[in-house]
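> Listed below are the residues making up each chain.
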Amino acid sequence: MKTPLHLNLLKEEEHFSSSPVRLRVMMPTAAVFVALCSIAWFFLLVGKVHTQAHLNEKLKQAVASITPVYAAVLDSRAQEQEYRAMARQLGIYTNSRILFGESLSLIAARVPSCIQFTEMRIPQPTLADPAHPSAAPTNRFEQVFLRISGRTSGDHPSEAVNTLLAELRTPVFTNLLRSVSIPKGAFRQDNARSASNRDTLLFEITCECQPRRFE
Amino acid sequence: MVLQKREKKVLFAVRFRCEIGQGMGVSPFRHLTGQWHVFCLFNQTMKSAALKIKFTSQNKSFADVVGIEIGAALPQGIPAVRVCKREGKTELVAADFLKLPGELPQTPEGISAPPAWLLPRAFQAPHAALTLTSQLVFLRHASSANEETEENKKFPYRTVSRVLAQDLPPLSAGIPDFQAAWAAHLLPEGRPPTACSLQVSPAAAINTFIASPVFGSLSGTAVVLFVFPRYTAFAAFHDFRLVLYREHMVGYAHIRETVSDQMHVDQSLTDSILSDTLIDPTPMIEPLLRSLFRQIEISYDYLTRRRNCQTDNFFICGLPFSTTYWSALFSRMLNLTLKTFHPFEGLERAPRASVCDLSANESLLMTALGAARAVLEDEPT
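So the sequence lines, in the order shown, correspond to chains A and B.
If you read the first sequence in numbering that gives the first Met the number 0, its first letter stands for residue 0, the second for the next number, and so on.
If you read the second sequence in numbering that gives the first Met the number 0, its first letter stands for residue 0, the second for the next number, and so on.
Don't read these hints as lab results, they were simulated from the structure.
As the structure is a computational prediction, the values presented were derived from the model and not from experiment.
Treat the hints with caution; some may be incorrect.
[As the list claims (entries may be wrong)] Now the stretches of chain B that chain A is said to cover, found in silico as 3 or more residues with beta-carbon under 8 Å:
1. 233-247
2. 368-376
[Stated by the list, open to error] Reference listing, derived: stretches of chain B covered by chain A, where coverage requires no fewer than 3 residues with Cβ under 8 Å from a Cβ of chain A:
3. 207-214
4. 267-276
We treat Cβ as the ideally placed atom computed from N, Cα and C, and that holds for glycine.
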């Protein structure tokens, strides 16, 4: 059995690696690299925190400086909203306005000569809760009535009133009046006057107008 | 108390490690070896240390090694031989003399930073086996590896010893620590090759014979004379084991100087005279060789009488010239045949091998080859 006479006098620490990639070199290099990265990351973090703190301070100052302006803006916006609502409401009211003038001016020519109007009245709409009236109408529609009170005399007072009714029902007035009627008991003798005037009849005509549209 | 096998191993490992590591040549555990009861206690605490030694020892085999002889101071350059093992066969990849900077320091005071060697591509094996040739290195049988000598009184030594036979003192090798450290840092880390072994040149040269096919074919006892410039090493093998090693202070440089002085010719002409047969230099070299062979005869007698190793196999190697004159005188004096051993014989060449003229230079490349083969043939522990 051949056994070589290998008397090796090289120390363990003198056994070097021929590989260009050496753990002995790479490990400290990697450690230094990681340490440098950590330090860089730490400084970046510190810088970022400092920047954020500075920004935070600036933002706080900015917020403090614009708070009164902001409050003023909020007030102005609330006021603007209020005014806008008011303007809208006014617009609605403007739109809901029923123009009686033109139609009423046409009535004069169509009223028989024996009829005298004593009153033309548009009653206030009935409140749902009279104790607590609302600032604005709660319905989008509102019934509008025109009450005409008058007296008639002559030979044929009824016919004159009926003629008036018929006139009021003509298409000239249909744009304004939807229906025209004399409520029961509203055509009666005028008892309040003297006996000579006993042939005078009082009447009352209720005209249902086109509804007011709050739009 | 009889040492258990495992305990012996641990003791050897500890001693081996300490001897290598201490450098001063004095083991701190030396006093424990004679006191086994102390050692038993010590052994328990050293289990982890033994484990560490096992792990840190060279426990891998090498397949491609370049052997480099440092300190030979040859005009041709630094001998380097690269061998590799493929499919169980050892092949010669490259062998030449390299022009590399640096000179082995001879004193600790004269030491300078070792140059970083970059070997030619053909010699860039992954590992390098370095062998030191210096007057300060030694290989000898010693009663203790750490015995105080003239050398280690002057400066620290690295020593390692190997027990060859139970009835023989261990063979001890040593290198001055400053020379070893200088040589170990010649091949820098990070590029091939890097040193994996550092040997003394006579031990490296012995490996050329151990690894050769001639050695495998021998039976019984064989003696090899390794001729170096300043000494001749006598190595006797019995049953494939080195049983005796001696050095005799006559080398081929002495022969060369004698002839040169007596004939008043320069070295190159002397080499030519000793290689040719035009002039018979025997009268000039005989007195030197006679004293050498007388010493060889004494060693041969010791082998025959004291160790009962009768041998007829005598080999000589390492001679660059005048081999015929050595053989003739040896036959005349000892009545034995001295055969020439060629270290590169039987070594196959690898494809595209880069090899110089081996017939002219094999003796000079012998030590580098032996260092590489020692590493290549060494089984992992």
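> For this structure, which hints from the list above don't hold up?
4
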